[in-house]
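Place chain H on chain D using the hints.
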Amino acid sequence: MNTQTPFDLAAVEAIIAQRKATPGALLPILHDIQGVVGYIPPSIVPAIAEGLNISRAEVHGVITYYHFFRQHPVGEHVVQICRAEACQARGCESLADHAKELLGCDFHGTTDDNKFTLQTVYCLGQCASGPAIQIDDDLYARVSKEKFNSLIQAKRGVQ
Amino acid sequence: MTVTIFVPRDSTALALGANETAAAIEREAKARGIDIKLVRNGSRGMFWLEPLVEVATDAGRIGFGPIEEHEVAGLFDAGFTTGGSHPKALGLTEEIPYLKKQERLQFVRVGITDPVSLEDYLAHDGYVGLKKAIAMEPAAIVQEVTDSGLRGRGGAAFPTGIKWKTVLGAEAAQKYIACNADEGDSGTFSDRMVMEDDPFMLIEGMTIAGLAVKATEGYIYVRSEYPHSIANLNEAIVAANAAGYLGENILGSGRTFNLQVRKAAGAYVCGEETAMLESIEGKRGMVRAKPPLPALQGLFGQPTVINNVISLSAVPLILSRGAEFYKNYGMGRSRGTLPMQLAGNLKYGGLVEKAFGVTLRELLYDFGGGSESGRPIRAVQVGGPLGAYMPESLFDTPFDYEAFAAVASTVGHGGLVAFDDTVDMAKQARYAMHFCAEESCGKCTPCRIGSTRGVEVMDKIIANQNRPQQIHLLRDLCDVMVTGSLCAMGNMTPFPVLSALNHFPEDFGDQKTLANAA
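Chain order of the listed sequences is D and H. Using my numbering, the first residue of the first sequence is number 2, and each one after it goes up by one. Using my numbering, the first residue of the second sequence is number 670, and each one after it goes up by one.
These aren't lab readings, by the way, just hints derived from the structure by calculation. Bear in mind the structure is a predicted one, so any value in this text is a computation, not a measurement. Hints may contain errors.
Said to hold, decoys possible - To give an idea of the interface, some chain H residues facing chain D are shown, with a C-beta separation under 10 Å as derived from the structure:
| id | residue |
| --- | --- |
| 1 | 730 |
| 2 | 857 |
| 3 | 1071 |
| 4 | 1089 |
Think of the CB as a built atom: it goes at the ideal place given N, C-alpha and C, for glycine as much as any other residue.
Isolated chain D, as found in the complex:
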């Protein structure tokens, strides 16, 4: 799998320039880069380090510490399934098994057609209405296997 796709270097450098005077700028910069590129390209680490006058190791350390930041491109849609206690009590584990089977990939994996990346999330704050999932920026609650199927089909363009 290629770990690097082309991205707009100028846009990323503009983010660094614009944000670097902010106190504690590193997280806001990483959020903005991931927002634009979809992930944090490892090749941009030196520019971030230089912009903030910190070491590359510190930047790398922060990127790898936080679950939210990723260093590789993901599929076209990111499917996150909440697997924390409140959703466990409402059957999220059987939904998780179903999702793996339907998509044909494991958690942290991407489907062969690069359409979906499957991820675990610990709590989406929908604890009274689980199982909860998020597809890209959209939340869904009380997700049955049937509802999951129809959401995935809709993303595949099948009505």
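The following block gives chain H in isolation, referenced to the frame of chain D:
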């Protein structure tokens, strides 16, 4: 005549189709030539009824729910805007027992107002507290909060006023207010509801905190899993700045308070206050050793008030109604009300604000209606992933910090997750160790290594390998984690593990084996 219709914009409502329902209402009204005003309010916190559609009438708001997109045409056919009956009509929303039985002091506007409308906030007693605070000396504000008996709602239950007094007394050119909105505990969503459904209440509380301790900068550290909270807070901050409630020269007082939202990045341990400070500073969110106290050397090394969302947003109420009013609710040393979150396998999950003293049983059955699956409730985890699993024999424990501590449990952030009798408590104990291994910041050994060893020991117990020895080892390991960890992540992970073992020993092997292990 224009009819006002309410469809919530709270994220649970959205996750259940509220946007689609709202769009259908606008479409149908237009097609039928009915003049409506659609308000996107917060959620009442009765999530089994979402999307909850309400219609304003002279007698009050009438509820219908849950209403999915395809049911909207039927609502109009039934004449729901003019008092027509419908199978999903709920009558006056305020009269629904679930709401009527609550003591909503803090969540008084939640579900009623448009969350990002400053006008609505002001029309519902918003900013009364700030106006009072502006006329007071900082020490008098701190005293009012101290007198109210308010204790940190994030879980640690430390008296808020005492913390503020330390910061007020510290001399520094710059002080900060840092709001911990990294609500990562499963089974909790009250912070989220405040931020999404009444963000001005938190903003006002932080502004008052700024006046009280002479801090001019504030940060709200919000988890990345809460995009709607971030959006609503930002929108409300812009409105508050524009109207002179934030920024420089607040309401002509000459006082300054600037506020900004900082987006977290999915590390559970950043809910620990010092890890959160590191994260705001742009570093790995690793726990700091204490002392120094953050009140003296906190954010960027300066004196900092760190409070949870619910603690800070209780402050406007305390200032507007007075410490005495707030203190008169509650029991023992737990004063005021707590917004409790009913989650997991319950028929009626949602938000219930009650004074301290309500029992777990009342919440589970009188409000929650028992399990949704219809099976007996076997265990309830209170206070998030680091909270104890409580068995039926402890369901009469009243919500009170001391009463919970007495049964080796914790109120935490007031979230409760109910499990029916299909739960395997050995698996839940393993999960607690696994979660700690995933989320440990790695700074101290008992938490970093202990949790990984804990998963291995639990695997052996589940596989029935040398159970007596392994259980002995598990208790020993938990002891090391409790006494040797740097923060609550490591020293509270044993709460769910040991409570599962002590209250549900049958899931860890037969009684005879355990007797030999003891």
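When the hints from earlier in the document are held up against this structure, which numbers fail? Violated hints: 1, 3; rest satisfied.
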